[in-house]
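Asks: All chains should be built: construct the whole structure from the sequences, respecting the hints.
Residue numbers (the numbering used here), protein chains in the order written: chain Y, 1 to 103; chain B, 1 to 467.
Treat the hints with caution; some may be incorrect.
[Unchecked claim] Calculated cross-link-like contacts (lysine to any residue; reagent style SDA-like; alpha-carbon spacing at most 20 Å):
1. K3/Y to T337/B
2. K54/B to D11/Y
3. K54/B to A8/Y
4. K3/Y to A57/B
5. K254/B to G41/Y
6. K54/B to A29/Y
7. K254/B to P44/Y
8. K3/Y to K54/B
9. K3/Y to E171/B
[As the list claims (entries may be wrong)] Distance windows between CB atoms, simulated:
10. G95/Y to T250/B: 27 to 37 Å
11. S51/Y to E228/B: 19 to 29 Å
12. R444/B to V99/Y: 56 to 66 Å
13. G22/Y to L195/B: 56 to 66 Å
[To be verified] Some residues of chain B that are not near chain Y, with every Cβ distance over 10 Å (derived):
14. T5
15. S38
16. P152
17. L222
18. N265
19. T286
20. V330
21. K332
22. A376
23. R380
24. Q425
25. H432
These are computed hints drawn from the structure, not numbers from a lab.
Computed from a prediction, not measured in an experiment: that's the story for all the values here.
Even for Gly, the Cβ is constructed at its ideal location relative to N, Cα and C.
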Amino acid sequence: MFKSMLTASEDQRADIAILVDGKTIRARAGESLATALLNAGVVPLRHTPVSGSPRAPFCLMGVCFDCLVEVDGRQNVQSCMVQVHAGMQVRLPDGARHVGDPA
Amino acid sequence: MMAPTHDLIIIGAGPAGMSAALHAAALGLKTLLLDEQSHPGGQIYRNVTQVPPKVAAVLGPDYRHGRGLAERLQQCGVDYRSGALVWEITEDLVVTFQQDERSSRVRARQIIAATGAMERPSPVPGWTLPGVLNAGAAQIAMKTSASVPQGPVVLAGAGPLLLLVACQLLEAGAEVAAVVQTAPRENLRRALRHLPAALGAPHYLIKGLKMLWRLRRAGVPLYQGASELRIEGQHQVQQVQFNIGPQRHTLAAKVVLLHHGVVPNTQLSRQLRLDHQWDAINLCWTPVVDEGGQSSLPGLRIAGDGAAIAGARAAEPAGVIAAAHAALAVGKIDAPTCAASVREAQAERDRHLRIRPFLDALYRPPQWLAQPPDEAIVCRCEEVTAGQIREMARLGCQGPNQTKFFSRCGMGPCQGRMCGLTVTQMLAQALHKSPEEVGAYHIRTPLKPIALASLAALADTEPLAPE
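Replies: Shown next, in the form of structure tokens:
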């Protein structure tokens, strides 16, 4: 859904790998997790707990809470407010949680 | 009671917070600057110290201006903490913040909240679809990640930022399919009355004309006076529809960027139950403050766009003024020194304010924006529609805190940030009352969700040691 505006030679940022639901995604060191996911086409990023409707980042400034994901075991992290790091483990929320679901 | 740990705590490292910190340091105040982001700059200068040269070139000199401020901040000796999320302030000026998953408490004799602005919610049908973002979000994607939307982009709304982002996206190589302006045509007539004052701030007018010229030169279709805006798609955006007069238009798009101006982010001032007033021109709440930024809570000042929208260049002198008054309040300087210290800042601030009445009139959002059709989602978190809010008004709900109890509208993770203004305006219209009579959500701590372990860490908090 998004792409880099830099050519390969213009981009000095290190190329790193993060894991999203077990799949490897390439990202650039220092960028926000939300934009890394948008660049990689991880859309929708989650399904809502209320109706299961698809969502993706909306404000990228920490106010809309539509980009919530699980990061390195921490739940409900605003992915627009954290920077990616190599080996980051991301899980995408998928609707409401139910009693008995795996943690 | 906790003894003060600092003379001054500043919350937010945008233009107002950074300039307040620089001035406070110069005046010798023991100052702590807390900012949620990993680098200074706020949203307007976000990532300005890290950004690649090509991105800085695309974003232009007004963005690059922030680099000097951020660099001076890092050298000025103020205790600046990044990644520090303030989630509570109490009336005795105790500030609780979370950093590295742990919460800590600090207390100041004075606080400057420089918590800035957020984009006004644009609750049109389809605005929750993946691929719809705020226009400011697209700019932030450039700043933080050198990323731009892929495929045709339609920008829709009203405000200088809409045009600026369209121009920046063109420079960055994105495919700008159209700019759909929703400001009603009569806005121009009302704005012209303020043109003489605006001529006192020619930089802004010239910048605006250049942006329009840039878009025309690139052949970007510019629509004026659009209404009945809606976004359609199955799982993500496919098209945008709107009316120009009686004519319905449909444009294909992969990404839609919405923007209807920015409004003060009042979560913190509401959490403290400070006095607020309804700004009937800009259709938003502003906390009540005096010339020195002093709010209705003694010792708590608000500087920059968090007090009233005036823009980044006016926020800088506002930070200086608030810091000087804070220094006066704690007895670090006397009144004549304070007056001398703020004279230049006040003149600078006034120069930047000259454009505001013109811009506010020209880009006043259309009335229909806050009265969406029944099907439109108003509360994105709890998925409460405009129709449900109207129904609750019919059932006798008198204000936003009642509709909250009836429907959970405003009770999701964003804590009402994305629906509060719309709900107040919808209820005011339905109940034939003013927004002041209808009121706003009560905002409670924590201001953002925090983990229980972070809260538990408070139990054995030591007073904050200097870094």
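Asks: Hint by hint, note whether the structure agrees.
Replies: Right, here's what the structure says about each hint:
1. K3/Y to T337/B: With a Cα-Cα distance of about 52 Å, the restraint between K3/Y and T337/B is violated, given a limit of 20 Å.
2. K54/B to D11/Y: holds, 9 Å
3. K54/B to A8/Y: It holds: about 12 Å lies between the C-alpha atoms, which stays within 20 Å.
4. K3/Y to A57/B: Judged against 20 Å, a Cα distance of about 18 Å means the pair holds.
5. K254/B to G41/Y: Judged against 20 Å, a Cα distance of about 12 Å means the pair holds.
6. K54/B to A29/Y: holds, 17 Å
7. K254/B to P44/Y: Holds, because 13 Å separates the two Cα atoms, which is no more than 20 Å.
8. K3/Y to K54/B: The given pair, whose Cα atoms are some 15 Å apart, holds under the 20 Å limit.
9. K3/Y to E171/B: OK: K3/Y and E171/B at ~14 Å, within 20 Å.
10. G95/Y to T250/B: 27 to 37 Å: holds, 32 Å
11. S51/Y to E228/B: 19 to 29 Å: holds, 25 Å
12. R444/B to V99/Y: 56 to 66 Å: violated, 27 Å
13. G22/Y to L195/B: 56 to 66 Å: Hint holds: Cβ distance 59 Å, inside 56 to 66 Å.
14. T5: holds, 26 Å
15. S38: For S38/B, whose nearest Cβ neighbour in chain Y is about 6 Å away, the distance does not exceed 10 Å, so it is violated.
16. P152: holds, 12 Å
17. L222: holds, 23 Å
18. N265: Incorrect as stated: the minimum Cβ-Cβ distance to chain Y is 7 Å, not above 10 Å.
19. T286: Label holds. Min Cβ-Cβ 17 Å, cutoff 10 Å.
20. V330: Correct as stated: the minimum Cβ-Cβ distance to chain Y is 31 Å, above 10 Å.
21. K332: Non-interface label on K332/B holds, nearest chain Y Cβ at 33 Å vs cutoff 10 Å.
22. A376: Nearest chain Y Cβ is 14 Å from A376/B, so the label holds.
23. R380: violated, 7 Å
24. Q425: Fine: 18 Å to the nearest Cβ keeps Q425/B off the interface.
25. H432: holds, 31 Å
When each numbered hint is compared with the structure, violations occur for hints 1, 12, 15, 18, 23.
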